[in-house]
Amino acid sequence: MFNKLTSSEGGRGLLLISPPFFYALLLMAFPLGAIILFSFWTQDFMDVDTTFTLNNYRQIIEQPIYGALLQRSLFVSAVVTMVTVLLAFPIAYFVSFHVRPDRKSLWLFLITIPFWTSYLIRVFLWKVILGYNGVINTGLLNIGLIDEPLTFILYNINAVIITLAHAFAPFAILPIFVALEKIDRSLLEASRDLGENKVMTFFRVTLPLAMPGVVAAVLIVFIPTIGDYVTPELMGGAGGKLIANMIQTQFLALNNAPLGAALAVVAMLSVTAISLVFILLNRRWLRGRS
Amino acid sequence: MSLRIYAIAYLVFLYAPIVLLPIFAFNDATIIAFPLSGFTTDWFGELMTNRSLHTAVKNSLFIAVMTAVLSTLLGICAARAGAMYHFPVKAGIMGFIMLPLVLPEIIVAVSLLVVVVQIFDMGLSNWTIIAAHVLICTPFCIAILNGAFQNLDPSLEEAAMDLGESRFSAFRLVTLPLVMPGIISSMLIAFTISLDEFIIAFFLSGTSQTMPVYIWGLMRFPASLPVVMALGTIMVALSIILLTIAELLRRRGMARAGVKDKGGFL
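In the order they appear, the protein sequences are chains A and B.
Sequential numbering of the first sequence, starting at 1, is according to the UniProt record's numbering.
Sequential numbering of the second sequence, starting at 1, is according to the UniProt record's numbering.
These aren't lab readings, by the way, just hints derived from the structure by calculation.
Take the hints with a grain of salt, since some may be wrong.
What the hints assert, rightly or not - Distance windows between CB atoms, simulated:
{"#": "1", "chain 1": "A", "residue 1": "SER275", "chain 2": "B", "residue 2": "LEU218", "range": "18 to 26 Å"}
{"#": "2", "chain 1": "B", "residue 1": "VAL69", "chain 2": "A", "residue 2": "ARG287", "range": "38 to 46 Å"}
{"#": "3", "chain 1": "A", "residue 1": "LEU187", "chain 2": "B", "residue 2": "LEU248", "range": "29 to 37 Å"}
What the hints assert, rightly or not - In silico SDA-like pairs for lysine to any residue, Cα to Cα no more than 25 Å straight-line:
{"#": "4", "chain 1": "A", "residue 1": "LYS127", "chain 2": "A", "residue 2": "ILE146"}
{"#": "5", "chain 1": "A", "residue 1": "LYS182", "chain 2": "B", "residue 2": "SER224"}
{"#": "6", "chain 1": "A", "residue 1": "LYS104", "chain 2": "A", "residue 2": "LYS241"}
{"#": "7", "chain 1": "B", "residue 1": "LYS90", "chain 2": "A", "residue 2": "LEU26"}
{"#": "8", "chain 1": "A", "residue 1": "LYS104", "chain 2": "B", "residue 2": "LYS90"}
{"#": "9", "chain 1": "A", "residue 1": "LYS182", "chain 2": "B", "residue 2": "ARG251"}
{"#": "10", "chain 1": "A", "residue 1": "LYS127", "chain 2": "B", "residue 2": "LEU11"}
{"#": "11", "chain 1": "A", "residue 1": "LYS182", "chain 2": "B", "residue 2": "ILE241"}
{"#": "12", "chain 1": "A", "residue 1": "LYS182", "chain 2": "A", "residue 2": "TRP285"}
{"#": "13", "chain 1": "A", "residue 1": "LYS241", "chain 2": "A", "residue 2": "ASN158"}
{"#": "14", "chain 1": "A", "residue 1": "LYS198", "chain 2": "B", "residue 2": "LEU178"}
{"#": "15", "chain 1": "A", "residue 1": "LYS198", "chain 2": "B", "residue 2": "LYS90"}
Unchecked claim - Over the 10 Å line for every Cβ pair with chain B, so calculated as not near, a few chain A residues:
{"#": "16", "residue": "ALA34"}
{"#": "17", "residue": "THR53"}
{"#": "18", "residue": "ALA78"}
{"#": "19", "residue": "THR151"}
{"#": "20", "residue": "MET200"}
{"#": "21", "residue": "GLN248"}
All values derive from a computational prediction rather than experimental measurement.
All C-beta atoms in this analysis are idealised placements derived from N, C-alpha and C, irrespective of residue type, glycine included.
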């Protein structure tokens with residue numbers, strides 16, 4: 001069996017890919033299955049009752065708080081995604097089209113560095129920037145633009161959105177950059193030769209060709225933001241809590257893991273469904289043109 | 001030109017929080033706010049004497065080193081398989097392995113928590129964190145190692161095998177030295193991710209805390225915030241040093257493999 005596997009190219013490839021594959025199967029697919037199963041069970045203090053029930057899902061539907069949290073989470077994720085991708089596109093465009101080729105990796109390196117530094121500390125520092133005695137408020141007070149500290153920038157959804165848009169910036173820039181790099185520059189020249197101006201060339205040639213990168217950027221920002229509980233916890237105040245905070249509370253504080261599991265499943269399903277609809281809406285940009 | 005101004009403004013936005021870190025770490029006041037009052041290194045001194053912090057640092061370093069080694073090993077398997085061989089449902093398998101990249105971390109955390117605690121009834125330990133960190137770091141390792149493995153000429157290894165080396169020693173003697181910079185770069189990135197990771201570690205840490213979990217605890221006490229700033233300064237400085245080394249090695253690796261550097265490893 002083993003000899004047969006190693007003798008063919010396909011066999012060797014499969015053999016080599018199996019450790020990472022089985023690792024992902026065991027530590028990702030299997031636990032995801034477990035959490036779905038778990039969401040149909042109930043828990044009373046430490047005892048888990050394994051009889052099948054839809055009670056957790058019924059609770060999620062019937063109690064308005066869960067729906068409200070989920071709605072707010074999806075809204076925040078959508079706004080964060082939009083802001084992040086809109087801010088990121090010009091940067092990706094600048095690095096791809098206006099930076100000397102030998103300087104490109106330096107720019108990308110500069111863009112990715114903040115992303116690799118401690119997330120917790122970055123979030124905390126946004127609190128310092130946006131806070132009541134924070135950098136922005138003291139700065140604006142000192143130059144006399146405002147008379148008292150602004151309060152609408154911390155402990156609400158705005159603060160959550162700013163912080164998340166900062167945290168996910170490189171995630172949005174890199175896929176768009178890769179898509180822009182792939183564009184054959186002669187296509188742009190052709191468009192100009194045929195009489196289109198710069199702006200029209202951008203909208204009719206560059207942007208459609210960059211769409212696969214934009215779609216990737218949207219997904220890679222939208223999906224993970226739903227799972228963040230650090231930013232809403234530190235920045236959101238009382239009114240800025242999101243679904244991930246509720247999942248965390250159910251698991252760690254309230255000891256109701258099955259309900260937490262059901263919430264996680266619902267959150268995952270909503271995100272997946274929205275992502276699929278988004279891909280479907282953009283499918284005409286994604287058709288292979290290579 | 002206006003695009004360049006925007007780009008620089010964007011970099012300022014990206015770096016604003018990090019620049020503030022050392023400013024407050026050396027500031028002689030317990031309140032984190034302007035105006036600054038004076039220069040001090042007391043907060044760093046406090047770090048030196050803090051016993052529970054030292055335990056947390058030791059835990060974090062152990063977890064990060066194990067994660068770096070294990071995820072890079074898995075990454076090597078995947079990157080080599082992806083670059084050298086064709087096999088059935090290749091795109092599907094590769095996509096599946098890269099999936100943790102977009103999986104929300106809280107989902108990874110709670111699903112592993114359920115499996116470990118409720119299903120297997122095992123205790124949480126540093127190893128549960130390592131297991132989860134390896135899962136989320138492997139896709140990053142693969143992305144970096146792909147740069148080193150792709151375009152590596154398979155005929156080099158074949159030549160070594162024709163000259164009498166076994167398959168494994170051909171890999172060890174020919175391919176391994178060529179991809180070594182990529183491997184080290186991948187280990188450094190995985191190390192950095194694991195060292196800074198909080199969301200998963202918070203769920204899966206047992207009695208022993210990691211550094212980010214310890215910092216999270218400190219954040220509740222306003223008096224300890226300057227210490228957090230000092231600790232953060234050290235962590236960020238360490239991250240930047242490691243990342244710079246990783247980047248330089250990645251570039252050298254790509255040069256060795258004869259790939260044109262397209263920048264960035266994602």
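| Which numbered hints does this structure break? | 1, 5, 6, 8, 11, 14, 15, 16, 21
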